[in-house]
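Novice: Listed below are the residues making up each chain.
Number of protein chains: 2
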Amino acid sequence: MSEYKTFSADEAMAFADKHSELFGDHSKLTAKEFGDGNLNLVFRVENDKGTSLIVKQALPYARCVGESWPLTTDRARIEAEVLKMHHRFCPGHTVEVRYFDPVACAILMEDLKAYRILRTELNAGKKFNHLAPQMAKYLANTLFYTSDFVLSSEHKKAEVARFLNPELCLITEDLFFTDPYCNHERNNIEPAILEKAKTLWHDEALKAEVAALKADFLSKPQALLHGDLHSGSIFIDEENCKVIDAEFGFYGPIGFDVGSLLGNLLLNYIACPGLHQAEDAAEQQAYLLQQAEQLWQHFSQTFTELMSRETQDPALDNSLYQRRFLQQVFSDAIGYAGCELIRRTVGLAHVADLDSISDAGKRADCQRLALKLGRELIMQRGELSNISQLQTLVRYQHTS
Amino acid sequence: MSEYKTFSADEAMAFADKHSELFGDHSKLTAKEFGDGNLNLVFRVENDKGTSLIVKQALPYARCVGESWPLTTDRARIEAEVLKMHHRFCPGHTVEVRYFDPVACAILMEDLKAYRILRTELNAGKKFNHLAPQMAKYLANTLFYTSDFVLSSEHKKAEVARFLNPELCLITEDLFFTDPYCNHERNNIEPAILEKAKTLWHDEALKAEVAALKADFLSKPQALLHGDLHSGSIFIDEENCKVIDAEFGFYGPIGFDVGSLLGNLLLNYIACPGLHQAEDAAEQQAYLLQQAEQLWQHFSQTFTELMSRETQDPALDNSLYQRRFLQQVFSDAIGYAGCELIRRTVGLAHVADLDSISDAGKRADCQRLALKLGRELIMQRGELSNISQLQTLVRYQHTS
Numbered sequence: 001m002s003e004y005k006t007f008s009a010d011e012a013m014a015f016a017d018k019h020s021e022l023f024g025d026h027s028k029l030t031a032k033e034f035g036d037g038n039l040n041l042v043f044r045v046e047n048d049k050g051t052s053l054i055v056k057q058a059l060p061y062a063r064c065v066g067e068s069w070p071l072t073t074d075r076a077r078i079e080a081e082v083l084k085m086h087h088r089f090c091p092g093h094t095v096e097v098r099y100f101d102p103v104a105c106a107i108l109m110e111d112l113k114a115y116r117i118l119r120t121e122l123n124a125g126k127k128f129n130h131l132a133p134q135m136a137k138y139l140a141n142t143l144f145y146t147s148d149f150v151l152s153s154e155h156k157k158a159e160v161a162r163f164l165n166p167e168l169c170l171i172t173e174d175l176f177f178t179d180p181y182c183n184h185e186r187n188n189i190e191p192a193i194l195e196k197a198k199t200l201w202h203d204e205a206l207k208a209e210v211a212a213l214k215a216d217f218l219s220k221p222q223a224l225l226h227g228d229l230h231s232g233s234i235f236i237d238e239e240n241c242k243v244i245d246a247e248f249g250f251y252g253p254i255g256f257d258v259g260s261l262l263g264n265l266l267l268n269y270i271a272c273p274g275l276h277q278a279e280d281a282a283e284q285q286a287y288l289l290q291q292a293e294q295l296w297q298h299f300s301q302t303f304t305e306l307m308s309r310e311t312q313d314p315a316l317d318n319s320l321y322q323r324r325f326l327q328q329v330f331s332d333a334i335g336y337a338g339c340e341l342i343r344r345t346v347g348l349a350h351v352a353d354l355d356s357i358s359d360a361g362k363r364a365d366c367q368r369l370a371l372k373l374g375r376e377l378i379m380q381r382g383e384l385s386n387i388s389q390l391q392t393l394v395r396y397q398h399t400s
Numbered sequence: 001m002s003e004y005k006t007f008s009a010d011e012a013m014a015f016a017d018k019h020s021e022l023f024g025d026h027s028k029l030t031a032k033e034f035g036d037g038n039l040n041l042v043f044r045v046e047n048d049k050g051t052s053l054i055v056k057q058a059l060p061y062a063r064c065v066g067e068s069w070p071l072t073t074d075r076a077r078i079e080a081e082v083l084k085m086h087h088r089f090c091p092g093h094t095v096e097v098r099y100f101d102p103v104a105c106a107i108l109m110e111d112l113k114a115y116r117i118l119r120t121e122l123n124a125g126k127k128f129n130h131l132a133p134q135m136a137k138y139l140a141n142t143l144f145y146t147s148d149f150v151l152s153s154e155h156k157k158a159e160v161a162r163f164l165n166p167e168l169c170l171i172t173e174d175l176f177f178t179d180p181y182c183n184h185e186r187n188n189i190e191p192a193i194l195e196k197a198k199t200l201w202h203d204e205a206l207k208a209e210v211a212a213l214k215a216d217f218l219s220k221p222q223a224l225l226h227g228d229l230h231s232g233s234i235f236i237d238e239e240n241c242k243v244i245d246a247e248f249g250f251y252g253p254i255g256f257d258v259g260s261l262l263g264n265l266l267l268n269y270i271a272c273p274g275l276h277q278a279e280d281a282a283e284q285q286a287y288l289l290q291q292a293e294q295l296w297q298h299f300s301q302t303f304t305e306l307m308s309r310e311t312q313d314p315a316l317d318n319s320l321y322q323r324r325f326l327q328q329v330f331s332d333a334i335g336y337a338g339c340e341l342i343r344r345t346v347g348l349a350h351v352a353d354l355d356s357i358s359d360a361g362k363r364a365d366c367q368r369l370a371l372k373l374g375r376e377l378i379m380q381r382g383e384l385s386n387i388s389q390l391q392t393l394v395r396y397q398h399t400s
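Heads up: the protein sequence lines correspond to chains U and C, in order.
Quick note on numbering: the first sequence equals residues 1 to 400 in UniProt numbering.
Quick note on numbering: the second sequence equals residues 1 to 400 in UniProt numbering.
In case anyone wonders, no lab produced these hints; they're calculated from the structure.
One or more hints might be untrue.
If the Cβ cut is set under 8 Å, some of the chain C residues that face chain U in the computed set are [what the hints assert, rightly or not]:
#1 Asp148
#2 Ser153
#3 Pro166
#4 Glu173
#5 Cys182
#6 Pro221
#7 Ser358
#8 Ala360
#9 Gly361
#10 Ala364
Computed from a predicted model, the values in this text were never measured in an experiment.
Each residue gets a CB set at the ideal place from its N, CA and C atoms; glycine is no exception.
Given these sequences and hints, build the entire structure.
Specialist: Shown next, in the form of structure tokens:
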């Protein structure tokens, strides 16, 4: 294959067959496109014994908008390389890439068909005790081992250049940090909360904090991030969870990945009263706050151990500095979690947690709470010194 | 020319003649190598009317050490491109590059033969009132116009990659932030201050702060820095000053360039009692503190005006954020100035300001003061809120 063209199902099947030993007799293969994403074709290729792999091919445009929004297919390289790197440092919780073809912009990868999307499960009121510890392990290992603590500065600089990812970063820069804070046509605001949303546009104190978070997103290449770690990028079953969809990966602030996931747990927390009956909602909220706490506790414990044991740069091998570094990651994470709450409520890309609340009044209540809590997280992120203070803040916002 | 070879004087002359219209009859040209640097050949090519240009060619090794310390000649590209970029934004105070040859790794540039090196002049007790305002203009313009305030994120990311400069950054990372704080063989410590120097190696509180400054040097690509802005990189005459020697340029924290220059003014301040008679020393010190004040005042005023008028990113166009940003640059600059004081006293590369003090006792006194003030600047950089507090701190250290 010498130039890019989009795969038919048969071509995806041939691609999978050619680059895997898994299938045996290829006459028994089937392939089916089932992507519901906006940017890619996704095929499941399967033999008659149920063995299957996924073929994910980047489209040269954003599918939801059509060919009018061109988008680099280089993101397939970014996704494949980020996943391979993260798999290297956390194989248990990163989807496995089997093969990447840079011309077809296609990735052959492990099929997680026994898993389900975390967001769907949380919205259905499911609880998984392994979620927080496993995702904490994923975050601590992938972020630590791609950071200045480990990589030589020469290697790190080369990695920063290899993962610049300007086009996809721009999407985040706009949707996360710019659009929600002005009257932008891309915003998606329900009429019931329009007045509340408008207050964001003139909240100069809040916008100053968001500017600082955006400046760090632009210019703080601490580690190789997943870059889009919401609860739709996590697959889960009864024992394990695995991260997918790393096309937004780049070198950025460690708190962004941690905060994205924390923000998604909090979005689901906020949505509970709209999604479940009162008693179930209270139980689910208790579960989610406990997971948020565990996520940070396990992450900070593992990251601290790694810093203490594996730091290669002698100048960074200082426990006082390392404690402060982690405190700053916490503060950053709280801030980015707050941004996630706000942008998922009034920005272009909503989440089903809130949007699927059928009662319009409850939905608006939850959306207002998301904006309120999002603002508090951003404004108070420097004052919160530990995760239990975050829990208190969340409970207080919820009841006040 | 198809491959790199070092120039003879005749080859440098031919190179200058070929790439400039300046000289007329080339039979009248002379060329003389006069570089006293460690990394480059430097030729002055001149005609019989006194018109001259400089040819600077990067050697593939550090000259002072010999061919055993290889060093990329790509630094000539970095130097030429940084100087061209800085000249674009501050033509009055950046040496002009006329031509760059990537194969010969040679730069043809303006000859500043009517200028003198700032360090030499300061050591001789000269005073220039235009120094601070002009260097503030240079810093504010070159750093602002290469920052996230102006560049699109896509353009900025490409620039970061174009100026990675890993080999020369590593020199700074080691000499500035690592060596002085441990018993490193590269250190150059006079016996008289060895005990004082040793306290640095076990000062965990100080090392935690230096770690944070190093982490920012590694991972805070705010703007295209000069990267080596000491008083040997500045040429000055009675009316003007111009910056040379940008081979350490890269995208880093804005405070590093500001702090390097501030640190060099303070090094000279500290050296005054060893270099001059008492009355002259007091006058020179008053001059230097006034220049340090003006450097920050003019820099912050110009940078503030530029942020207010020229910011392109709407999310960063917030005056509260901009004030805090500048406050952080101030704090960073004080910290890097402190590092400069320490590393120039006990690290590999000393400065003539201190080393040329002939009285051994006075020299040791000045060196001890440099270490003491350096530590205070690093430790207190977050508490100092304006430049007059810095002046007070300096005076206090000096007299206490």
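Novice: Would the stated hint for C/Glu173 survive a check requiring a Cβ distance to chain U of less than 8 Å?
Specialist: Nearest chain U Cβ about 6 Å off; hint holds.
Novice: Would the stated hint for C/Ser358 survive a check requiring a Cβ distance to chain U of less than 8 Å?
Specialist: 34 Å, violated
Novice: Does the closest beta carbon of chain U sit nearer than 8 Å to the beta carbon of C/Ser153?
Specialist: 6 Å, holds
Novice: Identify whether the interface hint at C/Ala360 stands, where standing means a beta carbon of chain U within less than 8 Å of its own.
Specialist: For C/Ala360, the interface hint is violated, since the closest Cβ of chain U sits about 31 Å away, which is over 8 Å.
Novice: Is the shortest C-beta separation between C/Ala364 and chain U less than 8 Å?
Specialist: Nearest chain U Cβ about 27 Å off; hint violated.
Novice: Double-check C/Pro221 for me: the hint is only fine if its C-beta lies closer than 8 Å to a C-beta in chain U.
Specialist: With a minimum Cβ separation of about 5 Å from chain U (threshold 8 Å), the hint on C/Pro221 holds.
Novice: Given C/Asp148 as an interface hint, is the shortest Cβ-Cβ distance to chain U below 8 Å?
Specialist: For C/Asp148, the interface hint holds, since the closest Cβ of chain U sits about 5 Å away, which is under 8 Å.
Novice: Please check whether C/Pro166 passes as an interface residue: C-beta within 8 Å of a C-beta belonging to chain U.
Specialist: 4 Å, holds
Novice: For the restraint on C/Gly361, tell me whether the closest CB of chain U is nearer than 8 Å.
Specialist: Since chain U brings no Cβ nearer than about 33 Å to C/Gly361, farther than 8 Å, the hint is violated.
Novice: Please check whether C/Cys182 passes as an interface residue: C-beta within 8 Å of a C-beta belonging to chain U.
Specialist: Holds, about 7 Å.
Hint compliance for this structure: hints 7, 8, 9 and 10 are broken, all remaining hints hold.
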